[in-house]
Amino acid sequence: MGRYVVRRLLQMIPVFVGATLLIFLMVNVMGDPIAGLCGERRCDPATAAQLKKEFGLDKPVWQQYLTYMGNVFTGDFGTAFNGQEVTELMATAFPVTIRLTVVAILFEIVIGIALGVVTGLRRGRPVDTGVLLLTLVVISVPTFVTGLLLQLLLGVKWGWIRPSVSSAAPLDELILPGLVLASVSLAYVTRLTRTSIAENRRSDYVRTAVAKGLPRHRVITRHLLRNSLIPVVTFIGADIGFLMGGAIVTERIFNIHGVGYQIYQGILRQNTQTVVGFVTVLVLVFLVANLVVDLLYAVLDPRIRYA
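The sequence shown: position 229 = 229 (full-length UniProt numbering), numbered continuously.
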């Protein structure tokens with residue numbers, strides 16, 4: 001196991017470098033970031049040259065990337081064009097998005113897996129058909145429609161919640177945004193769990209456990225569910241990064257100043273340091289989440305061993 005972890009960590013290095021290089025190149029061709037610093041008027045040549053020199057934009061792109069990566073390994077993600085350190089923006093944005101992501105993941109695990117198990121064990125029955133139709137509707141409706149509708153009904157019309165999240169973003173205010181963020185993924189987790197449960201139900205090891213006279217709850221939890229969760233864990237592990245990076249719509253609807261909000265503002269203002277810095281951390285989140293998922297395989301299925 002130890003050698004496998006070391007090998008995976010070494011494999012993450014070229015993936016990290018390639019992903020950050022691609023993002024760096026894409027962001028640097030979005031437009032002229034200096035133009036956004038001068039307001040509606042164009043910068044005069046002398047001012048533009050001074051600003052480019054100050055932010056290192058007068059150097060070739062490859063040299064800018066090498067300088068940026070050298071600074072990243074020392075914990076320096078650069079300075080935004082408003083003079084604020086990118087690490088300061090991360091310190092305020094990431095805790096909020098992490099809380100929001102945790103709420104969304106809990107919804108996926110608790111509700112999604114529970115519905116998947118129920119429908120998988122009752123395949124073809126009315127409850128199965130009803131849940132399948134409900135998940136299909138959730139997948140078909142865009143997230144911004146679901147978020148705005150729930151915000152209008154629960155926050156504005158009925159007054160059950162605050163329409164927007166406060167700046168502190170406590171957990172109780174993130175329940176509805178977390179549900180909106182997790183809605184589509186929750187539907188996929190339900191359908192994936194249902195399919196996996198229904199297929200493994202006909203497996204030999206399940207029939208053997210039943211023939212041995214084991215209690216039904218033990219057959220389901222120790223044998224059926226444990227083996228059926230492997231594809232679900234894979235999906236949820238990859239979804240952690242997607243939720244953190246794809247929370248732009250949800251954070252905009254509920255006025256949450258998290259990672260998605262900062263990335264949106266960075267793109268809008270052509271602030272390359274902010275966008276590249278946040279995306280760099282998200283790449284690390286993706287890589288670590290995938291590593292943890294691979295290690296969980298051996299926990300869920302004892303037949304899986306890593307050399």
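Because the hints were derived from the structure by calculation, they are not lab data. Wrong hints could be hidden among the right ones.
What the hints assert, rightly or not - Simulated restraints on C-beta separations:
hint	residue 1	residue 2	range
1	R216	L25	54 to 62 Å
2	R226	E85	56 to 64 Å
3	T234	W160	32 to 40 Å
The beta-carbon is built from N, C-alpha and C at its ideal position, and this holds for glycine as well.
Verification of the supplied hints:
1. R216 <-> L25: 54 to 62 Å: holds, 56 Å
2. R226 <-> E85: 56 to 64 Å: violated, 46 Å
3. T234 <-> W160: 32 to 40 Å: holds, 36 Å
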